[in-house]
Amino acid sequence: MKVPLSKSERQLLCEVVENVDLAPETPGHFRLTVDAPYIAENAAPGQFIHILPSSESDLLRRPISIMGIDSDSGIVTVLYRVIGEGTRLISQAEAGDKLDIIGPLGNGFPIITDKPAVLFGGGVGIPPLAFLLKKLVDSGKGVSVRIILGAREPELIICLEDFSKIGLKPDIYVESGLAEAKKLFGDKALSVHEGLITCAFDELSDSETKSGAVVYACGPIPMLKAVAYKSLNLGLDCYVSLENKLACGLGACLGCSIPVKNDDGDIHYERVCREGPVFNASRVAFDKM
Amino acid sequence: MWQSRDNIYIIVSYRITMDADLSKLESNLGPLALKTPLIAASGTFGYGPEFENVTDLHFFGAITLKAVSLEPRPGNPYPRIVETPSGMLNCIGLENPGVDIFLSEKLPEACKYGIPLIANLVGDRIEDYRKLAEILDRESCLAALEINASCPNVDHGFLTFGANSAILGELVKSVREVTSIPLIAKLSPNVTDIVPLAKAARNAGADILNLSNTFLGMSICIDSRKSRLSRDYAGLSGRAIRPIALRIAHQVASSLEIPIIGTGGIYETTDALEFFIAGASAVSLGTVNFVHPNRAKDICLGILEYLDRKNTTLDRLIGSYEGPHACETF
Ligand SMILES: Cc1cc2nc3c(=O)[nH]c(=O)nc-3n(C[C@H](O)[C@H](O)[C@H](O)COP(=O)(O)OP(=O)(O)OC[C@H]3O[C@@H](n4cnc5c(N)ncnc54)[C@H](O)[C@@H]3O)c2cc1C
Ligand SMILES: Cc1cc2nc3c(=O)[nH]c(=O)nc-3n(C[C@H](O)[C@H](O)[C@H](O)COP(=O)(O)O)c2cc1C
Ligand code: FES
Chain A
1 MKVPLSKSER QLLCEVVENV DLAPETPGHF RLTVDAPYIA ENAAPGQFIH ILPSSESDLL
61 RRPISIMGID SDSGIVTVLY RVIGEGTRLI SQAEAGDKLD IIGPLGNGFP IITDKPAVLF
121 GGGVGIPPLA FLLKKLVDSG KGVSVRIILG AREPELIICL EDFSKIGLKP DIYVESGLAE
181 AKKLFGDKAL SVHEGLITCA FDELSDSETK SGAVVYACGP IPMLKAVAYK SLNLGLDCYV
241 SLENKLACGL GACLGCSIPV KNDDGDIHYE RVCREGPVFN ASRVAFDKM
Chain B
290 MWQSRDNIYI IVSYRITMDA DLSKLESNLG PLALKTPLIA ASGTFGYGPE FENVTDLHFF
350 GAITLKAVSL EPRPGNPYPR IVETPSGMLN CIGLENPGVD IFLSEKLPEA CKYGIPLIAN
410 LVGDRIEDYR KLAEILDRES CLAALEINAS CPNVDHGFLT FGANSAILGE LVKSVREVTS
470 IPLIAKLSPN VTDIVPLAKA ARNAGADILN LSNTFLGMSI CIDSRKSRLS RDYAGLSGRA
530 IRPIALRIAH QVASSLEIPI IGTGGIYETT DALEFFIAGA SAVSLGTVNF VHPNRAKDIC
590 LGILEYLDRK NTTLDRLIGS YEGPHACETF
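Residue numbers (this note's numbering), protein chains in the order written: chain A, 1 to 289; chain B, 290 to 619.
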């Protein structure tokens with residue numbers, strides 16, 4: 001039997017264009033760009049790529065959300081925080097190295113253009129919102145967009161440049177370090193506050209709440225839970241991008257499943273890597289997570 | 290470098306011709322004739338389509354589908370997986386949509402690849418397995434049925450069927466009575482001596498043994514002092530278990546006549562070769578699919594290169610273990 005050695009489309013050896021350490025502004029964070037035309041061609045906001053940290057280790061792949069694409073040049077950008085061995089190994093990749101990447105994977109955000117959009121981002125949940133924002137703005141439908149960013153401390157607020165490139169200033173909420181935040185972000189932010197990101201709901205305009213803005217959120221689970229709760233109470237549609245430990249990333253192992261409500265109030269499980277990572281918040285059983 | 294030098298060499302050399310002659314990899318697994326001796330392990334490969342455009346599926350001689358039960362099973366709560374040194378723990382809990390959806394949706398999708406499929410059967414009672422086998426016996430694209438008597442992640446798992454020779458024998462016999470499809474018994478390694486269980490399964494009519502399922506393990510978060518998973522114990526897979534799985538395959542192969550599928554931590558060509566030498570007629574790839582979804586291709590090419598280099602055949606390799614290392618000089 002002769003079998004052609006076909007090229008697999010979604011698993012790619014991608015050349016690293018750059019892998020920039022964002023210290024000192026944002027210590028521990030890296031912006032990685034790779035040459036991946038297939039991914040750039042096919043990616044949607046909210047989707048992720050599944051990166052093999054190193055061909056010389058046994059580690060499982062690590063999922064990182066797509067932050068931007070340039071379909072002309074075939075370049076894909078992600079931004080990640082080094083928190084353990086996997087991201088540490090990824091941070092060691094240098095320009096010219098090849099990274100083994102599968103993508104784009106998962107279901108992204110719905111692009112809803114006939115309602116105002118409010119984007120909530122926390123920590124490394126912020127980068128994928130830059131991609132979402134670009135899609136909303138590029139839709140040419142004149143969607144009104146507000147961006148609200150939150151973090152424990154000012155240095156974890158990232159991607160401001162990327163938002164200002166698109167001409168939008170975010171509202172920023174930090175849990176501590178207000179004075180420093182004001183100094184850092186003064187001219188790049190619409191407003192800077194001390195408090196939890198959910199305080200922003202008190203500041204939403206009538207037009208945003210009454211005309212039924214769509215809330216998009218990406219960040220740590222406690223933040224998503226709180227944003228979902230507030231949004232749903234106001235009767236707003238809310239889409240959250242969830243994180244979980246992944247193994248295959250392809251929907252095969254059922255390891256990444258999270259509890260989702262049935263119509264009858266019972267729950268079933270859906271895969272973060274396949275049905276997600278973006279879920280309609282009203283379906284997610286946050287109390288079971 | 291994990292990948293052997295041989296492996297790299299062979300990939301390069303076969304790329305030049307852009308196709309590979311896999312006929313030397315044809316292998317007989319008892320009643321099953323496989324195009325390659327590599328099988329995708331149940332629960333690690335979904336139903337096949339998940340790996341489309343990522344994996345060259347034709348390097349697998351067969352694909353074992355995710356476990357199927359009579360009724361849908363929701364699976365275990367979140368979280369279900371945690372990575373551990375050179376492997377992972379899982380407590381998926383046999384989540385599956387039940388046999389009706391398996392037949393109406395999953396199987397037709399998997400069939401279209403033209404690769405022999407193996408259904409992995411689970412149940413709470415012997416009657417469940419028997420009924421499943423009766424239903425699946427009619428499916429022409431199933432090449433074999435695998436009795437999963439070994440899942441560590443459900444309350445009725447291996448303790449009921451996998452750890453007691455008499456009950457295992459009864460289970461296999463009951464399924465054997467209702468089907469003529471090749472029957473695989475997948476055993477649990479979580480026993481003191483697996484040989485009596487292997488004998489019981491064979492004597493009750495199993496054609497093939499799959500050795501083995503995951504090893505019970507545990508992982509504790511030292512801050513919360515809780516398990517990192519939604520159960521106390523979960524199944525360990527991946528490189529970490531390979532030497533133990535290899536020992537088990539060899540113990541059974543050297544104690545009784547029955548074709549064996551070696552399973553556990555196979556990541557490289559050399560791993561697969563060790564299992565063949567120990568007596569396995571085929572091997573399955575599980576956790577490696579998550580890391581290197583196209584590893585079946587590399588391993589097929591690596592085996593071909595080894596057979597060429599050693600001027601031997603797969604048949605001759607199987608069970609050719611030469612015994613303990615005799616150290617002649619110090
Ligand atoms: C769909 C998806 C998209 C993602 N996008 C991004 C992104 O754009 N940028 C980015 O920086 N990260 C992102 N992540 C998270 C990223 O995948 C993890 O941070 C990474 O896998 C950690 O790997 P590690 O080996 O470095 O750390 P590990 O060794 O795996 O973990 C180190 C420690 O951090 C904890 N930990 C691991 N993952 C998380 C997590 N997600 N949240 C909280 N604690 C965690 C572990 O329990 C452990 O204690 C995403 C995750 C998912 C599922
Ligand atoms: C996420 C996951 C799910 C699994 N699900 C099943 C299953 O449904 N049925 C089964 O018989 N084995 C199941 N297994 C066990 C594998 O088929 C295999 O026996 C085991 O993982 C050891 O091989 P490996 O080290 O190559 O992964 C599962 C393993 C993993 C990691
Ligand atoms: S990570 Fe395997 S199903 Fe999602």
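These are calculated hints, taken from the structure and not from any lab test.
Just so it is clear, CB atoms sit at the ideal spot from N, CA and C, and this is done for glycine as well.
Hints may contain errors.
Stated by the list, open to error - If you want the ones that stay clear, here's a sample from chain A, every Cβ over 10 Å from chain B, calculated:
| # | residue |
| --- | --- |
| 1 | L22 |
| 2 | R31 |
| 3 | I83 |
| 4 | A93 |
| 5 | K115 |
| 6 | K141 |
| 7 | S205 |
| 8 | S207 |
| 9 | N233 |
| 10 | D237 |
| 11 | P259 |
| 12 | K288 |
Claimed, not checked - With the C-beta cut set under 7 Å, the calculated list includes, among others, these residues of chain B facing chain A:
| # | residue |
| --- | --- |
| 13 | E360 |
| 14 | R369 |
| 15 | I456 |
Taking the hints in turn, this is what the structure says about them:
{"no.": "1", "hint": "L22", "result": "26 Å, holds"}
{"no.": "2", "hint": "R31", "result": "25 Å, holds"}
{"no.": "3", "hint": "I83", "result": "13 Å, holds"}
{"no.": "4", "hint": "A93", "result": "17 Å, holds"}
{"no.": "5", "hint": "K115", "result": "31 Å, holds"}
{"no.": "6", "hint": "K141", "result": "32 Å, holds"}
{"no.": "7", "hint": "S205", "result": "36 Å, holds"}
{"no.": "8", "hint": "S207", "result": "38 Å, holds"}
{"no.": "9", "hint": "N233", "result": "24 Å, holds"}
{"no.": "10", "hint": "D237", "result": "24 Å, holds"}
{"no.": "11", "hint": "P259", "result": "6 Å, violated"}
{"no.": "12", "hint": "K288", "result": "7 Å, violated"}
{"no.": "13", "hint": "E360", "result": "14 Å, violated"}
{"no.": "14", "hint": "R369", "result": "5 Å, holds"}
{"no.": "15", "hint": "I456", "result": "27 Å, violated"}
The structure shown violates the earlier hints numbered 11, 12, 13, 15.
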